[in-house]
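Visitor: Protein sequences appear in the order of chains A and B.
Each step along the first sequence adds one to the number in this note's numbering, with nothing skipped, and position 187 is 187.
Quick note, this note's numbering runs 231 ahead of the 1-based positions in the second sequence.
Bear in mind the hints are in silico, worked out from the structure with no lab data behind them.
Do not take every clue at face value.
Derived CB-CB ranges, DEER-like [what the hints assert, rightly or not]:
#, chain 1, residue 1, chain 2, residue 2, range
1, A, Lys104, B, Lys683, 33 to 41 angstroms
2, B, Pro656, A, Leu167, 41 to 49 angstroms
3, B, His650, A, Gly28, 36 to 44 angstroms
Straight-line Cα separation of at most 25 angstroms, SDA-like style, residue types lysine to any residue; simulated pairs [claimed, not checked]:
#, chain 1, residue 1, chain 2, residue 2
4, A, Lys104, B, His529
5, B, Lys549, A, Thr23
6, B, Lys549, A, Gly57
7, A, Lys104, B, Ser542
8, A, Lys210, B, Gly540
9, A, Lys104, B, Gly540
10, A, Lys163, B, Gly278
11, A, Lys192, B, Lys655
Bear in mind the structure is a predicted one, so any value in this text is a computation, not a measurement.
C-beta: ideal position from N, C-alpha, C; glycine also.
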Amino acid sequence: MTNKIKILIVEDEDAISNFIATTLKSNGYITVLAKTAKEALTMVSSHCPDLILLDLGLPDIDGVEVLETVREWSSIPVIIVSARGDETEKVKALDLGADDYITKPFGTSELLARIRTALRHNLKRGAGVQEEVFSAKGLTIDFGKRLVTVDGNEVHLTQIEFKIVSLLAKSAGRVMTYDHIITELWGPYAVKDNQILRVNMANIRRKIEKNPAAPQYIFTEVGVGYRMIEE
Amino acid sequence: MNRLEKSNFQPIVFILDLLKTIAIFIIATLLAFLLIKASFISDNIFGLYMLSVALVSILTQGYFWGILSSIAGVVSINYFFTYPYFAINFTMAGYPITFAILLLMSIISSAMTAKVKKEAQLSALREKRTDSINNMIKHLLSAQSIDEILNIGADHFYSANQSSVFLCLGDPIKPQKIIFRCKNERDEGIFTSMLERQIAHKAFNSNQAYGAATEEGQHNCLGTYFPIMGNQVTYGVIGILFPHSKWITTEMLTFISFMTSQLFLAIERQNILSESQEILLEKEKEKMRSNLLRAVSHDLRTPLTCILGASATLQDNKDLIYSENGDKLLNDIQSDAGWLIHMVENLLSVTRISDHTAKVKKQEELVEEVVAEAISRVYSRFPQAKIQVAVPEELLIVPMDATLIEQVLINLLENAIHHSGDTKPLLVSVSKDKKNAYFSVRDHGKGIPPEKLANIFDGKSTQEISDSSRGLGIGLTICKSIILAHDGEINAQNNSEGGSTFTFSLPLKGVNQHDQ
Numbered sequence: 001m002t003n004k005i006k007i008l009i010v011e012d013e014d015a016i017s018n019f020i021a022t023t024l025k026s027n028g029y030i031t032v033l034a035k036t037a038k039e040a041l042t043m044v045s046s047h048c049p050d051l052i053l054l055d056l057g058l059p060d061i062d063g064v065e066v067l068e069t070v071r072e073w074s075s076i077p078v079i080i081v082s083a084r085g086d087e088t089e090k091v092k093a094l095d096l097g098a099d100d101y102i103t104k105p106f107g108t109s110e111l112l113a114r115i116r117t118a119l120r121h122n123l124k125r126g127a128g129v130q131e132e133v134f135s136a137k138g139l140t141i142d143f144g145k146r147l148v149t150v151d152g153n154e155v156h157l158t159q160i161e162f163k164i165v166s167l168l169a170k171s172a173g174r175v176m177t178y179d180h181i182i183t184e185l186w187g188p189y190a191v192k193d194n195q196i197l198r199v200n201m202a203n204i205r206r207k208i209e210k211n212p213a214a215p216q217y218i219f220t221e222v223g224v225g226y227r228m229i230e231e
Numbered sequence: 232m233n234r235l236e237k238s239n240f241q242p243i244v245f246i247l248d249l250l251k252t253i254a255i256f257i258i259a260t261l262l263a264f265l266l267i268k269a270s271f272i273s274d275n276i277f278g279l280y281m282l283s284v285a286l287v288s289i290l291t292q293g294y295f296w297g298i299l300s301s302i303a304g305v306v307s308i309n310y311f312f313t314y315p316y317f318a319i320n321f322t323m324a325g326y327p328i329t330f331a332i333l334l335l336m337s338i339i340s341s342a343m344t345a346k347v348k349k350e351a352q353l354s355a356l357r358e359k360r361t362d363s364i365n366n367m368i369k370h371l372l373s374a375q376s377i378d379e380i381l382n383i384g385a386d387h388f389y390s391a392n393q394s395s396v397f398l399c400l401g402d403p404i405k406p407q408k409i410i411f412r413c414k415n416e417r418d419e420g421i422f423t424s425m426l427e428r429q430i431a432h433k434a435f436n437s438n439q440a441y442g443a444a445t446e447e448g449q450h451n452c453l454g455t456y457f458p459i460m461g462n463q464v465t466y467g468v469i470g471i472l473f474p475h476s477k478w479i480t481t482e483m484l485t486f487i488s489f490m491t492s493q494l495f496l497a498i499e500r501q502n503i504l505s506e507s508q509e510i511l512l513e514k515e516k517e518k519m520r521s522n523l524l525r526a527v528s529h530d531l532r533t534p535l536t537c538i539l540g541a542s543a544t545l546q547d548n549k550d551l552i553y554s555e556n557g558d559k560l561l562n563d564i565q566s567d568a569g570w571l572i573h574m575v576e577n578l579l580s581v582t583r584i585s586d587h588t589a590k591v592k593k594q595e596e597l598v599e600e601v602v603a604e605a606i607s608r609v610y611s612r613f614p615q616a617k618i619q620v621a622v623p624e625e626l627l628i629v630p631m632d633a634t635l636i637e638q639v640l641i642n643l644l645e646n647a648i649h650h651s652g653d654t655k656p657l658l659v660s661v662s663k664d665k666k667n668a669y670f671s672v673r674d675h676g677k678g679i680p681p682e683k684l685a686n687i688f689d690g691k692s693t694q695e696i697s698d699s700s701r702g703l704g705i706g707l708t709i710c711k712s713i714i715l716a717h718d719g720e721i722n723a724q725n726n727s728e729g730g731s732t733f734t735f736s737l738p739l740k741g742v743n744q745h746d747q
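In isolation and in its complexed conformation, chain B is listed as follows (with noise of 0.2 angstroms):
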């Protein structure tokens, strides 16, 4: 089918072609004879050689055969069949124009024949390219990224072309992503080649196709570059190495720019696709804000509405300071101006995550400060805490952002003192294993209701909580973003003995372990 597609001398199709024409001339010759033997009339002896020289042209490549035999047929009418016999004479009167009338015959439909097989060689072609620009649409609305899209493209350009292909994402001497389907190595090394990228980089900074196929061929490079580019950006170059210049036609071109626009469309639909994920990415993302802000506003507001109405109480009826009802409202001040500062901690804390990464910096910190820095705070606001703590023996460092983790610590605790209703100690333990450190906090309270345990940290219970029990979401939800941008995981389970524990792990990767 793809003959012409193929390099233009191969020998076994030479030898074959040899052998057609050789058989179906001796064939024609010896039905020559036998017609002769037969009827003694020589009158369709040119029939049967012109039939010869049309079975030839179909049978064989190009016209050099069917030529070739028009010639041998005409020789051997006139060697054989006409008088003299077995002798060449081309000299009878009328015998010359006849024959050169038989050999320009023989000529044309050896011409047409060729034509016909070509433009049928054509059409399959066409088809062929069709059907793989068909199969490469069809595979590139099913790809899910850039990269996929690439690889997809790349395989397509490699088998419809039958040639090495380099294909990479931006500017060639900056490349984004480079892709190779090479057939050997040293196509690979032709791509990577400098001169072969500058021709490559030229053709994606002019936005037209250079290299050896193109006009401008005079370039010493082998490859030809093709911009992958639409109305107003070029997204990338894709390299095609043809194995001979003869290959390169029009057709081709065309073939070539229509399968690349293709992939700039693809490419273009999956980075609008891409664009719109991270505005709904961004939309989520305000979404827990104006949630989070929500829920803090509520839990500001009560503790401040609590200590605007006590101070005020306080200075309008100032004998009542010495009271045991001045006494209570004093301590409902405080109290309540810790849990303000506890929640603008927390608040800050979040500051502290990258809003673009959604990650922390991270620092080697030593964990038993971290955990001991924590429980002093915690002492500080509820000196009637009992925590105790259980680290191991050896140093452990873990990578975090001190601060924060720290913050984590105090929320559980915190969390614990106020939700689990009892005041057995709480305990705070650290343990490892290769790959994680764990931290857990533990208390022998109530342990939380089973309807809550599944989204307890996605601060969904903040909405439907009375004021009596304020701020059990903001705290736990903090945590949660806290922790998962330490690369880290966070929950929660009830103890089959009673109580809850929360755990949550850190990455140790990029530790190093300090000897004196």
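Chain A on its own, in the form it takes in the complex (with noise of 0.2 angstroms):
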């Protein structure tokens, strides 16, 4: 990339918004900062970011608005930072269009993992890429001949669970919402009931992981939703 890449933090608590900068200063990045909600929308507007990191708990406007009034206009990649808890924020951020979302407190690995994992979806959503082959620590998915395999070994999905693993699968590394997928998967006017999904994903976790209870390959986000490994 010649152009190095521009990152808005919003986040009204020095401390985290300096700690923050420094680590992706140091990864590379360029970084904007803004304290307040009216700021970012500014920031946005002048800087054009290519990712914002989001902070729910802004002093002066909620940041789902934040992100309302920038999905408005444009889909630059949103990681939404939050604290422990609030699922039901989260999913509503990510109903409205955020990308992803971090949980402080937070590791500075994961941090740059999430950012790149959105940054790439971005890119290759941008490009219209789409691949034929998921493949990532033994699974495979073949998306055009309907295949997944684990180790080599061909693995009998149903029709559903093939959907609900290619689905995240396409989104590796992001998490999808119970919503999401179920609108996905049965259309948008589908009961919002995730018990079936949740005995979908147990069947799919009996065929494809080793222990389900150890899973490596789909990662359940307690009251959220579910995260595929990344390739």
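Using the supplied hints, reconstruct the complex from the two chains, each of which is provided in its own coordinate frame.
Guide: Shown next, in the form of structure tokens:
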């Protein structure tokens, strides 16, 4: 990449934005800081960042509203930074178009990984690239042939199960909310009962994971959704 | 004894009284004949009949038989023992007045006997009522709960009045509790009817008795309702279905109002008692909270001091950062910060338990997902840890607050990592029976000292531990309160082959197994 990637950090706590900015700078990103929602919205239009790290608890306007405003005209990747415990808020932000979320407290490596994933997905989306095969840690999914193998052995999945797995694989590394998966699978009018989805997921795990309680490929974000391991 | 209380006309009593009267009359007449035969003096005959009248009055019920026997006596004296014999003749000079006086005297004596008898009956009744009130007070004093008090009250009202009883706590229209003591189903039906309820409601609201037995008795109701009330409050209503309106006397009403006030006092006492118990419980909670806070503030201060000190050292000696010592300081900062996060999350988890009910909001969760998340969080803090997992092959869905159960698993795992003093893999396993799911965390370390095993979850050990083994208690105390809030159980034991196992159970109640 010829140009350095610019990241907008929206965070009202100096200590946190300071440490994030330092980490990002030392990893070759350019950072822009905003402390309030209003400032952030101005920054988005004036600086055109490549990615936004958005803290939900802002002093003036709720972070979710910032996200909504940005999404009205832009598809800039947005990663939500939030405290643990407020699952409903996270889910709301994800359903409103946030690309991912990261929970405080987080480590720098985790943050960098999330940023890379979000940027890569955005790039792919922009280029319209759709891979034919997904593979990670011995799991391969051939979307065209509808074939799933684990360590070379074919795994038989039902129609629904395959749809779930391929949906997660296409957004590998990002969390998919229950509602998002249900809408993708059963349409927008399906009953938002994640019990059926979870039973399906449990069945998938029994087929592809060695130990369903210590998964390698599909991780549960309790109260939020699922995340597939990255390639 | 309680003839007065029974209904007015009873054929058996009537026939018995009739027989007694006839027998006494015949005996008196025969004795009079014998007296005449033996002495030819008729003076004693009046006395004999007087005696018989008195006897009849004492032995029978009411005035009726006494008066009847006195008339019969006068007639038979005239008929048998005065000239002309065996004929009625009141025309002789002086006789009508004499016999009139005799009749009057008979009536008076009969009436007086009857009155004495009635007094005796009344005093017996009073005694019985006093007895039953004493009895009730005695029982009420030993009552432990409002329910018990109401039941005792209903029982005593029923037995003391020999009538069907309806007792309700709160407004009869929307009662908190209702108790019936009925002779038959018909009576219960009467109490349940809308009209009767309305009257009971009126008694409750107006704080005075309403119903069949009251002066405002023109309601078409059958029961009489007395509010259970004191100075300021009315706790409920007691309804009585008197079988006969004659039963309702001023004395009866006084008696009932006295019983009602006893019931009121008992309920009030119980209320005060449970209030003070609540205060006691609140105090206990407060004590636990302050204990926890004390322990926590100690546990928070230590790592904060370490972080502050280490970072200040690094700031003052910048060249130290690149040395081995600096590396160690940075590591300390990191691990203490991690510890603080763990601590704070534990404390936050307590706030998810409802203060009021000490219960949690449960949702159906897949056990393996919760276990997996807990383990991954432990790994992210202790990458060197080794954890094995065994969950049932079948899907296990358990109602729980996933965040809290995760916290329990994390606490148990981190506890094992910190204190077992061993690096063999930990084992997390889940099993179930018909009622519960069982989670256990097992280590192969040095086990728990027996003297700590008994109250390891009570947080008592926190006060005596040194700085080096901080936080042993709080995590486990929180585990216990979380599991209790789920209606589960938690316990710890030492394994026979070394190490210890912490097990907790969660009830499966309300779980639907979803099939595809």
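Visitor: Indicate, hint by hint, whether the structure satisfies it.
Guide: We went through each hint and held it up to the structure:
Between Lys104 (chain A) and Lys683 (chain B) the beta carbons are some 35 angstroms apart, a value that agrees with the proposed interval 33 to 41 angstroms. Between Pro656 (chain B) and Leu167 (chain A) the C-beta distance comes to about 34 angstroms, which lies outside the given range of 41 to 49 angstroms. Checked against the given bound of 36 to 44 angstroms, the beta carbons of His650 (chain B) and Gly28 (chain A), roughly 43 angstroms apart, stay inside it. For the suggested pair Lys104 (chain A) and His529 (chain B), the alpha carbons sit about 24 angstroms apart, so the restraint of at most 25 angstroms is met.
Simply put, Lys549 (chain B) and Thr23 (chain A) have alpha-carbon atoms about 19 angstroms apart, close enough for the 25 angstroms limit, and the pair holds. For the hint pairing Lys549 (chain B) with Gly57 (chain A), the CA-to-CA distance comes to about 35 angstroms; that exceeds 25 angstroms, so the pair is violated. For the proposed pair Lys104 (chain A) and Ser542 (chain B), the alpha carbon gap of about 21 angstroms is at most 25 angstroms, so the pair holds. Between Lys210 (chain A) and Gly540 (chain B) the alpha-carbon distance is near 45 angstroms, which puts this suggested pair outside the 25 angstroms criterion.
Distance hint between Lys104 (chain A) and Gly540 (chain B) is fulfilled; the C-alpha atoms sit about 24 angstroms from each other, no more than 25 angstroms. Taking the CA atoms of Lys163 (chain A) and Gly278 (chain B), the gap is about 119 angstroms. The hint is violated against a cut of 25 angstroms. Pair hint Lys192 (chain A) plus Lys655 (chain B) does not hold up; C-alpha atoms about 43 angstroms apart against a cutoff of 25 angstroms.
Consistency with the previously given hints fails for numbers 2, 6, 8, 10, 11, ordered from lowest to highest.
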